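> Take the sequences, apply the hints, and build the full model.
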Amino acid sequence: MSVDAEAVSTPSPLREFWFHFSENKGAVAGLCVIVLLAVVALFADVIAPHGAAQQYRDALLRPPVWQAGGDPRFLLGTDAVGRDILSRLIHGTRFSLMIGAIVVTLSSSVGILLGLSAAFLKGFAETLVMRAMDVILSVPSILLALVVVAILGPGLVNAMIAVAVVYVPHFTRLTRASALSELPREYVTSARIAGASPLRLMFVTVLPNCMPPLIVQATLGFSAAVLDAAALGFLGMGAQPPTPEWGTMLAEAREFILRAWWVVTMPGLAILITVLAFNLMGDGLRDALDPKLKRS
Amino acid sequence: MLRFIISRLGHLLPTFFGLTLVSFAFIRLVPGDPIEVMAGERGVAPERHARLMAELGFDRPLWEQYLSYLGDLLQGDLGRSLITKQPVSSEFLTLFPATMELAFCAMLFAIVIGLPAGVLAAAKRGSPFDHGIMAAALTGYSMPIFWWGLLLIVLFSGTLGWTPVSGRISFLYFVQPVTGFLLIDTLLSGQPGAFRSAVAHLILPAIVVGTIPLAVIARQTRSAMLEVLSEDYVRTARAKGLPPSRVIGLHALRNALIPVVTVIGLQVGTLFAGAILTETIFAWPGVGKWLLDSISRRDYPSVQGGLLLIALIIMLVNLLVDLLYGVLNPRIRHVR
Numbered sequence: 011m012s013v014d015a016e017a018v019s020t021p022s023p024l025r026e027f028w029f030h031f032s033e034n035k036g037a038v039a040g041l042c043v044i045v046l047l048a049v050v051a052l053f054a055d056v057i058a059p060h061g062a063a064q065q066y067r068d069a070l071l072r073p074p075v076w077q078a079g080g081d082p083r084f085l086l087g088t089d090a091v092g093r094d095i096l097s098r099l100i101h102g103t104r105f106s107l108m109i110g111a112i113v114v115t116l117s118s119s120v121g122i123l124l125g126l127s128a129a130f131l132k133g134f135a136e137t138l139v140m141r142a143m144d145v146i147l148s149v150p151s152i153l154l155a156l157v158v159v160a161i162l163g164p165g166l167v168n169a170m171i172a173v174a175v176v177y178v179p180h181f182t183r184l185t186r187a188s189a190l191s192e193l194p195r196e197y198v199t200s201a202r203i204a205g206a207s208p209l210r211l212m213f214v215t216v217l218p219n220c221m222p223p224l225i226v227q228a229t230l231g232f233s234a235a236v237l238d239a240a241a242l243g244f245l246g247m248g249a250q251p252p253t254p255e256w257g258t259m260l261a262e263a264r265e266f267i268l269r270a271w272w273v274v275t276m277p278g279l280a281i282l283i284t285v286l287a288f289n290l291m292g293d294g295l296r297d298a299l300d301p302k303l304k305r306s
Numbered sequence: 003m004l005r006f007i008i009s010r011l012g013h014l015l016p017t018f019f020g021l022t023l024v025s026f027a028f029i030r031l032v033p034g035d036p037i038e039v040m041a042g043e044r045g046v047a048p049e050r051h052a053r054l055m056a057e058l059g060f061d062r063p064l065w066e067q068y069l070s071y072l073g074d075l076l077q078g079d080l081g082r083s084l085i086t087k088q089p090v091s092s093e094f095l096t097l098f099p100a101t102m103e104l105a106f107c108a109m110l111f112a113i114v115i116g117l118p119a120g121v122l123a124a125a126k127r128g129s130p131f132d133h134g135i136m137a138a139a140l141t142g143y144s145m146p147i148f149w150w151g152l153l154l155i156v157l158f159s160g161t162l163g164w165t166p167v168s169g170r171i172s173f174l175y176f177v178q179p180v181t182g183f184l185l186i187d188t189l190l191s192g193q194p195g196a197f198r199s200a201v202a203h204l205i206l207p208a209i210v211v212g213t214i215p216l217a218v219i220a221r222q223t224r225s226a227m228l229e230v231l232s233e234d235y236v237r238t239a240r241a242k243g244l245p246p247s248r249v250i251g252l253h254a255l256r257n258a259l260i261p262v263v264t265v266i267g268l269q270v271g272t273l274f275a276g277a278i279l280t281e282t283i284f285a286w287p288g289v290g291k292w293l294l295d296s297i298s299r300r301d302y303p304s305v306q307g308g309l310l311l312i313a314l315i316i317m318l319v320n321l322l323v324d325l326l327y328g329v330l331n332p333r334i335r336h337v338r
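Residue numbers (this note's numbering), protein chains in the order written: chain A, 11 to 306; chain B, 3 to 338.
Errors might be hidden in some of the hints.
Stated by the list, open to error - Here are some chain B residues pointing at chain A (derived, C-beta under 10 Å): (1) P16; (2) F19; (3) L110; (4) I113; (5) V114; (6) I115; (7) L140; (8) Y143; (9) W149; (10) A275; (11) G276; (12) T282; (13) R300; (14) I312; (15) A313.
As the list claims (entries may be wrong) - Covered by chain B, according to a simulated footprint, are these stretches of chain A (three or more residues, beta-carbon under 8 Å): (16) 46–53; (17) 151–160; (18) 289–296.
As the list claims (entries may be wrong) - Between beta-carbon pairs, the in silico distance windows are: (19) A/A206 with B/V329: 56 to 64 Å; (20) A/T115 with B/I8: 35 to 43 Å; (21) A/V91 with B/L228: 49 to 57 Å; (22) B/G34 with A/N219: 44 to 52 Å; (23) A/R25 with B/A137: 24 to 32 Å; (24) A/T115 with B/I115: 33 to 41 Å; (25) A/L131 with B/H51: 42 to 50 Å.
None of these hints come from the bench; they were simulated from the model. Keep in mind the model is a prediction, meaning the values are calculated, not measured. No residue lacks a Cβ here, since even glycine has one placed at the ideal position from N, Cα and C.
If you want it as structure tokens, here you go:
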């Protein structure tokens with residue numbers, strides 16, 4: 011009898027989630043790459059064969075090791091001032107993951123706060139918040155980020171703030187929509203009757219039930235943030251040289267584009283792999299977390 | 003339908019006024035007051051500063067300044083560039099055809115490849131072809147296009163020598179501007195060499211700008227097709243014995259296109275974002291490069307005007323798409 015009961019009992023939410031998530035091979039691959047990137051970022055000082063700013067004057071623009079003229083000391087070659095590209099990429103992982111994490115934390119906290127306020131306050135406050143979000147959304151993300159940087163001045167921190175501003179509306183809209191669909195539910199009404207304060211209703215009762223789409227958005231927002239911050243770096247408006255940020259590395263490499271393909275190819279490949287991994291995982295998370303799309 | 007149009011416009015107006023507020027605030031948020039900003043590094047003497055502040059109305063209350071800014075806007079006056087002293091609107095309009103030509107060709111590239119790719123992927127669901135297309139689409143969607151542009155230059159301009167590296171046309175040709183669209187103007191000028199040169203210059207930038215829309219269109223087409231293909235009427239058409247090409251190409255595609263049209267419309271923002279990066283890489287003389295140059299030269303009135311105009315264009319295109327959507331799908335008119 012107890013065996014039967016065990017057999018029909020529903021699996022824990024986490025296990026169910028993992029079951030659906032692991033069905034998507036791409037998503038698992040994405041997750042593995044992200045874990046790998048995190049490890050590389052954490053242990054960059056140990057893993058990187060050279061310092062990020064260390065220059066080898068005897069080895070300028072050395073091609074990767076597999077090409078004629080390559081040097082086994084520099085697996086992916088060196089740049090125009092003799093810095094090891096692999097080491098710079100490894101150190102750059104820190105910046106990219108940090109940018110993604112900070113941008114997503116900033117934009118999701120502000121977005122969730124605004125979205126919950128809009129859903130709970132209703133009326134004029136809601137209209138004001140949502141119209142403001144419409145205005146932000148009507149400008150292309152990179153253009154808005156550029157304008158914010160034009161006000162704040164170029165630099166890594168300002169670039170992160172700029173990109174965070176751009177992604178606030180996505181979180182606000184999602185939070186408001188999910189909160190509005192949760193508000194008429196019975197558990198919310200009963201919490202209200204039980205005397206829960208508005209803040210408790212917002213953050214303890216309603217918010218946890220709005221999380222799945224927000225988690226998906228956070229993952230996809232992470233990749234978009236990495237991409238936009240790299241674009242700002244590339245345009246000279248983000249991290250400034252000699253920071254080993256990938257977009258900034260690409261900008262520095264531009265003038266050698268026809269002479270040394272590797273200085274251009276490698277940083278871009280790093281950006282692509284990171285963004286792709288987060289997008290793959292985001293797709294998988296959406297399949298696993300969104301009950302409407304869940305395959306029966 | 004009229005009511006539908008009016009309600010859409012009603013949604014648009016607050017956003018437009020919000021945008022004017024943002025662009026009005028922009029020049030006042032930049033560190034230093036507007037006169038200092040305009041004077042730039044040269045600086046300005048205190049008495050001249052005070053006189054200019056009064057002359058240009060910066061000493062009036064903010065709401066008065068905003069109203070007069072709004073009044074100027076409605077008359078098409080976006081201010082003057084600090085560098086060239088030309089009206090911002092005329093600078094924008096001179097460069098806009100170049101961006102539009104690029105965006106139009108990029109969209110054409112994205113649709114011509116993305117639509118069939120999405121349809122075929124849906125028709126062959128689960129096949130290696132489907133997986134290949136979807137993997138390529140996700141890669142395209144994740145692409146840092148500024149890097150993609152550089153890679154294409156390395157390959158096609160550097161290694162193969164097939165295409166020029168930058169610009170819109172070879173210096174060998176002079177083409178009288180008629181429409182501003184070089185592909186048309188070179189044809190009108192009757193110089194086949196000039197037309198070929200314009201096409202060669204356009205190919206790589208168009209591919210770069212079109213890459214993300216292409217990926218989005220392919221993904222959206224596939225999922226819209228999959229949804230439609232599982233509907234009853236498609237099964238009926240199949241049961242009648244119609245050939246698969248007819249079922250997919252005619253019955254299914256027509257309905258699947260409705261969401262795809264919306265997505266195509268929503269790509270206008272992506273096209274502009276792409277144009278800023280791509281025009282910079284290929285030295286394409288359009289509004290994207292102009293805007294970025296204006297930002298780095300601290301030409302704030304140009305940035306202010308360009309921001310407003312680009313957002314306005316995107317809003318209008320989205321409105322058009324909304325209306326088109328209402329025409330294509332009559333249900334939507336009554337729901338809202």
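> Are any of the numbered hints broken by this structure? If so, which, sorted upward?
3, 4, 5, 6, 16, 19
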